[in-house]
Amino acid sequence: MSHDSVEWEETDDVLTIRKYFSNIFKGFFSCLKGLSITTRYIWAEKPVTIEYPEVKEILPERSRSRLFNDVDDCISCTQCALACPVDCIYIDSEKREETEPQLKTSNGMPIKLNLTQFSIDTALCCYCGLCTTVCPTECLTHTTDYEYSQFTLASMKYDYLDEDVKSWKSRLKK
Amino acid sequence: MSHDNKTEQTVLVDELEGLKTDLLTLNMGPQHPATHGVLRIEIKTDSEIIASAKPYLGYLHRCMEKHSENLDYRGIIPFVDRMDYLAAMNQELGYCIAVEKMLNLEIPRRAEVIRVICAELGRIASHLMFFGTYLIDLGAFTPFLYAFNEREKILRLFEEVSGARLLYNYIWIGGVWNDFTSEHLTRVGEICDALHQQLSQYENLVTGNQIFLGRVSNVAVMNEELCYAYGATGPVLRGAGVKWDLRKNRPYSIYPELDFDIPVGKGEMGTLGDCYDRYYVRMMEMRESIKILRQCLDLIEEGPIMAKVPKVLKLPPGEIYHRTEAARGELGIHLISEGEKKPYRLKIKSPCFTHVSMLPAVAKGLMIADFVAAVGSIDIVLGEVDR
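Those protein sequences? They're chains U and X, same order as listed. Numbering (my numbering) for the first sequence: 1 to 174. Numbering (my numbering) for the second sequence: 1001 to 1387.
It cannot be assumed that every hint is accurate.
As the list claims (entries may be wrong) - Here are the simulated lysine-lysine pairs, DSS-like style, with alpha carbons at most 30 Å apart:
hint : chain 1 : residue 1 : chain 2 : residue 2
1    : X       : Lys1311   : U       : Lys33
2    : U       : Lys95     : X       : Lys1311
3    : U       : Lys19     : X       : Lys1311
4    : U       : Lys33     : X       : Lys1291
5    : X       : Lys1101   : X       : Lys1364
Since the hints were made in silico from the structure, they are not lab data. These numbers come from a predicted model, not from an experiment.
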């Protein structure tokens, strides 16, 4: 028994009166050191937060937010739908009759197909940006518009042939 | 001892036997702020002391590996991002290097340097996140706000360069998507300077704090033998005092040219391999990352950022296992190709999965509050555990 107790006293774990008080002092002064930093922040540092609804952040130009397709430039090549890793782009087209007048995109590519459906399910979209990189006419782009929450999932599916959606062009196109 | 004493003792034991209670089963999670996501740990407690802990996984399982079998090699990158969403750059780097090794692709010098800059910034952002959330776990809220202030600068830079704040899809097979402008590179330097200053402030605020030390020293000791037995990597292994970093020991990319140290735990505030050592290793790693970033800014030169990669990517048949040092440990990518556009199999070895499996080994005998400190100190991301 006596041998055990001697060994016990030799370890650091035993709490002496001196240690008890030095612990309290150490704790007090280390907290004071931290508090001096936090107190400095009250006056010396400016707030960094943005008060959102009043002040709106302008996203960087490369920022990948809501997708927009300029359907007038689209040649229905379906490369974006193939590149999409989550398959959220739906494209349908039919062959353009020879009697119809010839159309060209803004960068000079002939339009050989009539686009009948171009919709993107934004609820599925993962905003990876792979569809925009493969687009040959650069009509499908990510915009910096980020305020488009909806009440239902179904309304997250945008039909880009719709007149309402077409009218975004003036507002969103970079 | 006398005969009388013995009978007295047995009577006492009998009384205590009558009072003996069952162990209390307590579910920590899946919706618990200290589990960093959706991890459920079934704890059996004897009053405040934990008798056993058993983690249950799968709440964030999204079949990433199976999905990858139906995607082309470029389409997998956004999925790889979503595993470890706090250090997505490091995951992309690991995957892209594995694919490039299969293709025998030579990466342009500028792209290599940009990749290392991104990976190190990602590591810093991830460790800052650890610093903030770990102290929230321990009951200190203010450091979280300071850490997020610094992290926000890095995320903003990433957003300007790649277009996204967390899920970048920036490192591509053969190079990187966008180029860093000279303005962006100056910003990296500014972030380094500001962070260097902030880190010493964090040390004053937290590392020396007696209450913090009381919470983390001698808690949940993961020593060298335990780390080897479970296969721990990264800061957990280095916290046990093992000098092992894939950036030095199995170098890839431009890491052999860079000069940096591997911080290891020293057991300064208690036992070697306790929560403090894992915290200390991460804080020192941020300093090393700053060192690497400053060297990269000197190394960067003008040039192309993408190698020539065929439009339809087909890998030669074969398989590869490549490992890189991600923010949380060793990330292994095992890729099997059969010469098709899609991989035959993509297996990902995640460091967090290994570290979660170490929890039952250290849980026994800990207080519940100390167990929270133990879970926080291994810095898990459940997206990576479940994939």
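Violated hints, by number in ascending order, as checked against the structure: 1, 3, 5
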